[in-house]
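Residue numbers (the numbering used here), protein chains in the order written: chain A, 42 to 407; chain B, 42 to 407.
I should point out that these hints are in silico values taken from the structure, not numbers from a laboratory.
Because the structure is a prediction, the values reported are computed rather than measured.
Here a beta-carbon is modelled for each residue, glycine too, at the ideal position from N, C-alpha and C.
Keep in mind that the hints are not guaranteed to be accurate.
Claimed, not checked - Reference listing, derived: stretches of chain A covered by chain B, where coverage requires no fewer than 3 residues with Cβ under 8 angstroms from a Cβ of chain B:
#1 46 to 55
#2 64 to 71
#3 338 to 350
#4 368 to 374
Claimed, not checked - Short, incomplete list of chain A residues facing chain B, as computed with Cβ under 8 angstroms:
#5 Leu156
#6 Asp326
#7 Ala377
#8 Phe380
#9 Tyr381
#10 Gly382
#11 Gly393
Listed below are the residues making up each chain.
2 protein chains.
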Amino acid sequence: MTALPPGSTIGILGGGQLGRMLAMAAARLGLKCHVFSDSSGPAFDVAAAHTVGDYHDLKAVRHFAQSVDVVTYEFENVPRATAEAAASVRPVRPSVKALEVAQDRLVEKTFIAGLGLPVAPFAAVDSEDSLLAAVKQLGTPAILKTRRLGYDGKGQARIKSTSTTELAEARSSSGRAPAILEGFVNFQFEVSVLVVRGIDGTECFYDVPLNTHKNGILDTSAVPAPLSSATRTKANEIAGAIADALGYVGVLAVEMFFVGEEASAPLVVNEIAPRVHNSGHWTTDACLVSQFENHIRAVAGWPLGPADRHSDAIMTNLIGADVNEWASLAATPGTAVHFYGKNDPRPGRKMGHVTQLLPKSADVDG
Amino acid sequence: MTALPPGSTIGILGGGQLGRMLAMAAARLGLKCHVFSDSSGPAFDVAAAHTVGDYHDLKAVRHFAQSVDVVTYEFENVPRATAEAAASVRPVRPSVKALEVAQDRLVEKTFIAGLGLPVAPFAAVDSEDSLLAAVKQLGTPAILKTRRLGYDGKGQARIKSTSTTELAEARSSSGRAPAILEGFVNFQFEVSVLVVRGIDGTECFYDVPLNTHKNGILDTSAVPAPLSSATRTKANEIAGAIADALGYVGVLAVEMFFVGEEASAPLVVNEIAPRVHNSGHWTTDACLVSQFENHIRAVAGWPLGPADRHSDAIMTNLIGADVNEWASLAATPGTAVHFYGKNDPRPGRKMGHVTQLLPKSADVDG
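Take these sequences, add in the hints, and give me the full structure.
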């Protein structure tokens, strides 16, 4: 395939802040965007065209796909039929396969373990009996997660014992949906790898941030994470292997637990996201080419841009009412502010982020 | 005045690449843009709203102004009546006064000289007699420029002698319009200062680039220019004094000739542009907050963002067919590409630019 020249149109499924930042990155490259979403969203304000439609209206999805040159998506829960309808008309990148794997935690874990990569011990749960068996197998504490949907900690229950009451409550809190039990990983901190894979299989990697969470939602991503060069190399190898196995095109986020430099497997894969990722928002300010631009470059068949950072960075999410401090945040020295143009600062809603830039440090090694 | 909160709308007069990059910067801040232009342009693809209208249709201009919270512009030849019509409805920033001064080279030079700042010697020309008198006064070589319009070297004629034929030709080539003759300045190179002035009078300054031209059009801007710290301070003082005298709000570009560190006036003002400027395009890649974002911050009444550079940079314009090399440019190491989404790569047309980023150097001093 030839690269799509400037003037071409990228179709984006999803109209949230990730779609917005993808559209802004596409504009740098002279590419237009057409956003398809089930409701008007922040991406609409920066896209050349937008369509409000039901994701299950496959005729509308095909019509949308016909109006663009390639289709990508900004959220991993695009219904499979939607992605396939688009793919019947135009290339969909990343592929439908990547969606399939990422949408189901059991399929995801099985896929990654099948590549010989370290994941937390896990077992399928579809009844109280299988939950009890799983808890006995993996021990406590453990985490019960629904196989599908659920993000930012939603649809998850921590299990501390084999008590019948506790297991029943956990099943109940996860809506008795098909689930997966994950064994406890005693980790020091979470990191993530953002790998970009081009249509020719070329890969590049952003520096690895250390991620912290608050109320189950990403709070900060600080780059660089204090990892040895060997562990950083390992992190990239893991993410690269997953992207290769998926025949991936675009930005893939791989969240990993860092267990410790001395561990036989210092890194354990937590989950993947087949899209640009909140833990890569710092790349807009600290890299010449951001995760958003490199995703667009990849899906448009362009050469990938440089992913190295020119500065250290600490990205902090603005959740809900945090955004009301916009004026003082905008006056904070050395800090870039990003607001998503959302009207309603509901609790738990991602409203923006700030990036504090710092001189580039030497890499930690040890 | 209170700062306009995220969700407010910035009105932009003009739909070219500067409007496009302003709209993208506004989007980072959660601000919407409404672009008014006499034809569909690159800014339309990234703005929440756009209107095609005649700048002289003052009813349409007022209607546009009513739909936004503040009005700014991306080109200095906004007709005065247009700006005044908008200003009768909403704040126009930078002010109509700044347009008035920048639109007429004689008014501009008189204004700057009146502040006690160094400009090239000049004289008004409105006939062949006054041209001859001006050439005799200022000597040759000299440059005849129309007072109004003309950019990228258009509407200019170089005069090398007092020969009647040559003077008649110069008058003819400038359409016999009211003009200004500028005396020769023996300069080493051109620099520009991008000063940002907030609504409270706070000023900040981007580092000074060295500008080169090709066929009368800006070719490269490289930062930092090799100026001593005393001369850099002087450059900022000159630009700041002009911005103060205009009660300016937004980004003001002041082009200056660098004559030499030993000269009594090392810097001579060439011209000003009351808008974001091509010689500041590198700020998008080499600064945390670009000239575009700081212009938007200023006109929206926000605190200004940091203007210091984290890297050195060389910006090169892509003119006309240069843009056909987009694929190899996108593959150039250490380089960010920016394409404006224009369809027709006519000779002389600004189609995009590239920024090569380099590690930040120590400032030259001497």
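Here is what the structure says about each hint:
1. 46 to 55: With 3 residues closer than 8 angstroms to chain B, the segment 46 to 55 of chain A meets the three-residue bar; holds.
2. 64 to 71: holds (count 6)
3. 338 to 350: holds (count 5)
4. 368 to 374: Result for this restraint: holds, n = 4.
5. Leu156: 30 angstroms, violated
6. Asp326: This interface hint holds because 6 angstroms falls under the 8 angstroms limit.
7. Ala377: 5 angstroms, holds
8. Phe380: Given a least distance of 3 angstroms, the restraint on Phe380(A) holds.
9. Tyr381: 6 angstroms, holds
10. Gly382: 4 angstroms, holds
11. Gly393: 7 angstroms, holds
This entry does not satisfy hint 5, going by the numbered hints stated previously; all others are met.
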